[in-house]
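Line by line, the protein sequences are chains A and B. Numbering-wise (the working numbering), the first sequence opens with residue 1 and increments by one. Numbering-wise (the working numbering), the second sequence opens with residue 1 and increments by one.
In short, the hints are calculated from the structure, not lab data. Among the hints, a few may not be true.
Stated by the list, open to error - To give an idea of the chain B side of the interface with chain A (calculated C-beta under 7 Å), a few residues:
no., residue
1, 96
2, 98
3, 110
4, 113
5, 115
6, 153
7, 156
Stated by the list, open to error - A few chain B residues that don't get close to chain A, going by computed Cβ distances all over 10 Å:
no., residue
8, 20
9, 41
10, 79
11, 102
Each residue gets a CB set at the ideal place from its N, CA and C atoms; glycine is no exception.
Number of protein chains: 2
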Amino acid sequence: MFDAAVTPAVDEDEAALATPFVKCLVRLIRAQDANGAWEGKPDADLLRDFIISRDQRRAMPIIGDPDPDVLWRLDKFYAAVGLAIEERCGLMASPMMEISHEGFGRVLLTAGRLVVLSRTVRDVHRFGFETLWKLAAAGTKLAGDAIAAIEAYPDVARA
Amino acid sequence: MFDAAVTPAVDEDEAALATPFVKCLVRLIRAQDANGAWEGKPDADLLRDFIISRDQRRAMPIIGDPDPDVLWRLDKFYAAVGLAIEERCGLMASPMMEISHEGFGRVLLTAGRLVVLSRTVRDVHRFGFETLWKLAAAGTKLAGDAIAAIEAYPDVARA
Chain A
1 MFDAAVTPAV DEDEAALATP FVKCLVRLIR AQDANGAWEG KPDADLLRDF IISRDQRRAM
61 PIIGDPDPDV LWRLDKFYAA VGLAIEERCG LMASPMMEIS HEGFGRVLLT AGRLVVLSRT
121 VRDVHRFGFE TLWKLAAAGT KLAGDAIAAI EAYPDVARA
Chain B
1 MFDAAVTPAV DEDEAALATP FVKCLVRLIR AQDANGAWEG KPDADLLRDF IISRDQRRAM
61 PIIGDPDPDV LWRLDKFYAA VGLAIEERCG LMASPMMEIS HEGFGRVLLT AGRLVVLSRT
121 VRDVHRFGFE TLWKLAAAGT KLAGDAIAAI EAYPDVARA
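Chain A with its partners taken away, still in its complex shape (with noise of 0.2 Å):
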């Protein structure tokens, strides 16, 4: 099967590290470096382990243990979505995840009294996108979607 993101062209790339959503996660993963050890990374490197290619998904197994490394990335990447919101509206979205070892699992994120993002998350071992722009998209939907429900229920969020 044919698709075009399988080989992505740069300036797509480009337009994904611009969107507000991805800005959010790398400003996350710069904060995490204390030391300044990637100060001289690219945004797109610090990104690298989020985006698994077509290929690299078929080679990994159907069932799997999540290791430290991806629940940091998907902890990371629902926080992107929280700060998102913020900039967005002014309202700080809490994350709060509950993942089984086996990778199966709930996302909250709240602002006020507002469940503003609900999702079941499975197969968290295998969390990834397949480029950065199918990233950029996700994260930018969700945070989307949770502007929608606050909009809709203003009195809740802030309440």
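Based on these hints, arrange chain B on the given structure of chain A.
Same frame as chain A, but now just chain B:
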């Protein structure tokens, strides 16, 4: 300091066991008894580990990592709050816990898009109540607060 609760009357225990919240808690605990080992045990015995007297608490270390048993009791306690909410208003309130290995964390109960209960928990290794009555009162109060939130935002709780 003298406190009547240090020597609880038996009828106070009886009253506690008759509250809807404690009945929910007992039901959840008995549901785990797949082999019927606890069938002959009275309810008060099943709840014994939830009760920590002042002297017992004083003997516990201030800082400590919660063991699986106390995490299990914390889980059952909040699940019982969720069940008591469901009994009273027909909406399922699902609990979510995020507890660090040091025993600090957060518990959320959500119904639909509404956060019906949000609690920061700490010192989980010392989780317990002085008397059965205090256990009943704590759970009943949490369920009552959650019901009040649902009544304040009924459409969000059903969203």
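Would you say residue 20/B is clear of chain A, with no C-beta pair closer than or equal to 10 Å?
-> Its Cβ never comes within 10 Å of chain A, the nearest being 24 Å, so this holds.
Hint validity - residue 113/B Cβ closer than 7 Å to any chain A Cβ | Constraint on residue 113/B satisfied, holds at 5 Å.
Is the interface hint for residue 110/B satisfied, with its Cβ closer than 7 Å to some Cβ of chain A?
-> holds (5 Å)
Please verify that hint: residue 115/B, Cβ, nearest Cβ of chain A, below 7 Å or not.
-> Status holds, d = 5 Å.
Non-interface claim for residue 41/B: all C-beta distances to chain A beyond 10 Å?
-> holds (30 Å)
Per-residue hint verdict: residue 96/B, partner chain A, C-beta under 7 Å | Nearest chain A Cβ about 5 Å off; hint holds.
Cut-off 7 Å, beta-carbon criterion: hint that residue 153/B touches chain A | Residue 153/B check passes; min Cβ-Cβ to chain A is 5 Å, inside 7 Å.
Just checking, residue 102/B versus chain A, shortest CB gap more than 10 Å?
-> For residue 102/B, whose nearest Cβ neighbour in chain A is about 17 Å away, the distance exceeds 10 Å, so it holds.
Are all beta-carbon distances from residue 79/B to chain A longer than 10 Å?
-> holds (13 Å)
Under 7 Å, Cβ to Cβ, is where residue 156/B needs to be relative to chain A, so tell me if that hint holds or is violated.
-> holds (5 Å)
Residue 98/B as chain A interface residue, shortest Cβ-Cβ below 7 Å = Hint on residue 98/B: holds, closest Cβ of chain A at ~5 Å, below 7 Å.
Against the hints set out earlier in the document, no violation occurs for any number.
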